[in-house]
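So for the sequence shown, our numbering puts the first residue at 13; every next one is plus one.
None of these hints come from the bench; they were simulated from the model.
Virtual Cβ for every residue (Gly too), placed ideally from N, Cα, C.
Hints are not guaranteed to be accurate.
[Said to hold, decoys possible] Label-pair ranges, simulated between beta-carbon atoms: (1) 131 with 87: 17 to 23 Å; (2) 112 with 178: 47 to 53 Å; (3) 95 with 180: 18 to 24 Å; (4) 466 with 103: 21 to 27 Å; (5) 87 with 574: 40 to 46 Å; (6) 351 with 99: 35 to 41 Å; (7) 449 with 85: 47 to 53 Å; (8) 149 with 112: 14 to 20 Å; (9) 253 with 574: 31 to 37 Å; (10) 281 with 110: 51 to 57 Å.
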Amino acid sequence: MTWLILRRHPPGASAIDYHGAVKRAVPALVVLFVIAGCGDDGGAAIDSGVASTDAGADASSAPAAPMPPALARLQPCPAGWRELTHDDGFVVCEPWPVAGRGECEAGAAHYPGTPACVVLGPECPADGMPADLPMGRPVLFVRAGAPGGDGTVAAPYGTIAAATAVAVPGSVIALAVGEYEEEVSLGAGVALVGACVTGTVVTAATPRTDRGVINPDGADVEVRNLTIGPSPRPGLWIVGEGFSAVVTDLAIDGTQIVGISVERGAHLDADRLTVRNVENPSLMTLGRALNVEVGATATVRHLDARRNVEFGVAALTGGQLHLEDSVVAGTRAPGPGVNGGPGLAVFTGGHITAERVVVEDNQQVGILCFDEGSTAELSDTVVRRVEPWGDRGMGRALDVEDGALLSCRRCLLTEAHEISVGAGAATLVLEDVLIERVFPDAMGGLGAGMAVQTGATATLDRVAILDVEDFGIAVGESELTANDLVIRRVAPQRRGQVNGRALDFQDGATVTIRRFAASDLYEAGIVISGTGTDVVMEDVVFERVRSRPDGFRGDGFVVQDAASAVLSRVRVQDVHEAAVIVNGDATLFASDIVIREVAAQDCADSSCSAYPGGHGIGAYGARVVVNRFVIEEVDLCGLHVAAEGEFLLDDGVVRGAVIGACVQSDAQDIGDLGRSVDFVDNGTNLEATMLPVPDPLPSTD
13 MTWLILRRHP PGASAIDYHG AVKRAVPALV VLFVIAGCGD DGGAAIDSGV ASTDAGADAS
73 SAPAAPMPPA LARLQPCPAG WRELTHDDGF VVCEPWPVAG RGECEAGAAH YPGTPACVVL
133 GPECPADGMP ADLPMGRPVL FVRAGAPGGD GTVAAPYGTI AAATAVAVPG SVIALAVGEY
193 EEEVSLGAGV ALVGACVTGT VVTAATPRTD RGVINPDGAD VEVRNLTIGP SPRPGLWIVG
253 EGFSAVVTDL AIDGTQIVGI SVERGAHLDA DRLTVRNVEN PSLMTLGRAL NVEVGATATV
313 RHLDARRNVE FGVAALTGGQ LHLEDSVVAG TRAPGPGVNG GPGLAVFTGG HITAERVVVE
373 DNQQVGILCF DEGSTAELSD TVVRRVEPWG DRGMGRALDV EDGALLSCRR CLLTEAHEIS
433 VGAGAATLVL EDVLIERVFP DAMGGLGAGM AVQTGATATL DRVAILDVED FGIAVGESEL
493 TANDLVIRRV APQRRGQVNG RALDFQDGAT VTIRRFAASD LYEAGIVISG TGTDVVMEDV
553 VFERVRSRPD GFRGDGFVVQ DAASAVLSRV RVQDVHEAAV IVNGDATLFA SDIVIREVAA
613 QDCADSSCSA YPGGHGIGAY GARVVVNRFV IEEVDLCGLH VAAEGEFLLD DGVVRGAVIG
673 ACVQSDAQDI GDLGRSVDFV DNGTNLEATM LPVPDPLPST D
């Protein structure tokens with residue numbers, strides 16, 4: 013007996029056209045009844061129009077199974093970092109001991125990979141004079157406030173200026189324990205050595221923006237074992253072509269504008285530094301720990317930069333910085349409504365390479381790279397706890413914009429706000445990266461893993477995105493290539509209680525993904541939409557897509573609005589409404605696809621009882637080409653075609669559905685269904701229905 017599934021259309025919608033799709037049900041019914049012939053009760057059973065193999069073995073060849081993605085490999089861990097097994101099976105590298113990052117006293121620092129705070133330099137000597145001075149070099153001794161003197165240990169100079177006035181290349185100026193309030197200029201080849209970091213403090217009382225407290229004014233200057241204390245000017249100022257300094261065991265606390273600035277072709281080689289509490293004067297917004305610009309270069313190992321303002325560390329205008337074994341933490345914007353707070357910033361053609369670096373508890377962006385020619389190359393890097401900034405509440409781990417390039421290898425990005433990784437009109441490369449725990453913006457939206465937009469190019473290898481909101485990755489007007497991608501647990505956005513998608517591709521995106529697995533999602537696993545959006549995916553698994561909190565949707569793949577998708581070796585399991593939806597002049601070419609356990613929407617017993625869904629593949633005003641497929645355990649239709657949609661199928665099985673194929677499209681060749689599909693153990697193999705067509709899903713903002 014032929015039976016029609018009659019559904020009430022939603023209030024206010026046309027019986028012919030609701031949810032934006034025209035139902036050409038009557039012509040479809042005419043075709044189906046002609047094929048069906050006459051039944052015993054006068055209402056023909058149209059199963060006869062399809063070769064029924066309910067009692068026989070499947071004639072189809074089994075679809076090839078998808079290959080699983082390789083997990084992100086963050087190990088081997090750097091020396092001193094702890095290897096931890098993540099709940100999801102990943103192994104991550106923790107730079108701090110169990111007690112966490114230490115809050116160190118003055119003159120001490122906690123560097124990644126060290127068990128506790130490390131005291132900089134030697135202990136203060138009993139006689140107050142520096143020990144272990146370089147051999148074979150002239151030494152000029154200075155003790156703050158000493159009367160007269162000739163620079164000997166017995167009669168030291170009373171000021172640093174007195175020593176620099178007579179110093180020659182190779183001279184060592186040895187500072188006794190004490191406080192020195194003066195601007196210091198060091199000529200080429202001169203070394204300034206303090207007795208100890210905490211006991212030897214140099215400050216300057218007069219405000220300056222163009223000179224520092226200590227100024228290497230030539231090549232091969234050395235500075236070590238001292239503190240630059242609170243001063244209304246920069247701390248260490250290395251500015252000038254050919255100027256260079258080797259700096260070790262230096263603490264800078266409470267200077268203004270910048271702790272260390274290297275500019276105009278100068279060079280810095282530094283190890284074991286702390287730069288803290290750099291302030292911005294009232295007329296300026298700068299308060300950086302380290303600044304490298306205008307063709308300068310710097311190599312810095314073991315930097316502890318905390319509680320600075322605007323940018324923690326910056327490379328710009330051709331400046332090049334290599335940073336190792338360092339932490340940048342607690343950077344803040346200069347004030348309410350004033351932009352700033354990133355830990356590392358690269359712009360206007362600057363360049364940073366960072367190895368074994370921790371960037372945490374900063375504001376707005378952990379690592380920011382923008383402008384044509386700017387590059388940031390990161391490895392073994394942790395970006396953690398990025399605090400939101402501004403009305404929107406942006407707090408990204410990584411952000412690359414406007415022609416810049418950012419690469420991150422073996423990186424852990426955790427506890428960001430709004431979006432963890434953003435790329436706009438720029439190049440992004442991620443390799444062995446774990447992105448997790450992203451929180452919403454200030455308005456309760458987003459909380460997403462990654463956004464690639466406005467002409468950006470992103471290349472991902474072995475990347476995992478866990479415990480985010482709204483979407484895992486969104487791509488618009490951009491190109492994404494990904495290998496070995498894992499996305500797990502994407503919740504709906506809190507503000508609108510919508511989305512929860514693993515992937516969203518729109519507005520002409522070009523995407524190639526190989527080996528991908530996603531699970532525990534909401535609304536849809538992936539949405540592909542828009543003219544020019546072209547997606548190729550191989551070896552794909554979607555599992556456990558739930559309906560939204562309002563009970564609607566829960567689809568696997570949605571291809572819509574003239575987009576195109578090519579899928580190979582795909583498994584979709586435990587979803588709602590439909591495993592695959594193709595509508596709005598979109599096209600899908602798929603091979604080796606297995607669909608299991610498609611339930612109705614959660615609202616099937618209430619607000620969507622008239623259109624519950626539960627379909628394997630739906631073609632609505634679209635062409636769907638599928639080769640080698642299995643659809644089983646679906647609540648309603650294994651195949652659903654309507655609104656002039658068309659299936660071109662080969663070598664398929666539909667098993668255990670209420671209806672094997674639900675057809676309401678003039679464009680569909682019914683005979684092709686019989687030739688190309690085995691219908692096994694279905695309630696009815698083929699029916700003409702009056703089923704509604706799902707709405708297109710809106711793209712993410």
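Against the structure, the hints come out as follows:
Our hint of 17 to 23 Å for residue 131 and residue 87 is violated, since their Cβ atoms are close to 30 Å apart. Evaluation of the 47 to 53 Å hint for residue 112 and residue 178 yields a pass: the beta carbon distance comes to about 49 Å. Checked against the hint of 18 to 24 Å, the C-beta distance between residue 95 and residue 180 comes to roughly 52 Å, which is inconsistent with it. For the hinted restraint 21 to 27 Å between residue 466 and residue 103, the CB-CB distance of approximately 35 Å leaves it violated.
Checked against the given bound of 40 to 46 Å, the beta carbons of residue 87 and residue 574, roughly 44 Å apart, stay inside it. For residue 351 paired with residue 99, a C-beta distance near 37 Å keeps the hint of 35 to 41 Å intact. A hinted range of 47 to 53 Å for the beta carbons of residue 449 and residue 85 is inconsistent with their spacing of about 20 Å. Checked against the hint of 14 to 20 Å, the pair residue 149 and residue 112 fails, with Cβ atoms roughly 43 Å apart.
The hinted window of 31 to 37 Å between residue 253 and residue 574 is violated, with their beta carbons roughly 57 Å apart. At about 34 Å, the beta-carbon gap between residue 281 and residue 110 misses the expected band of 51 to 57 Å.
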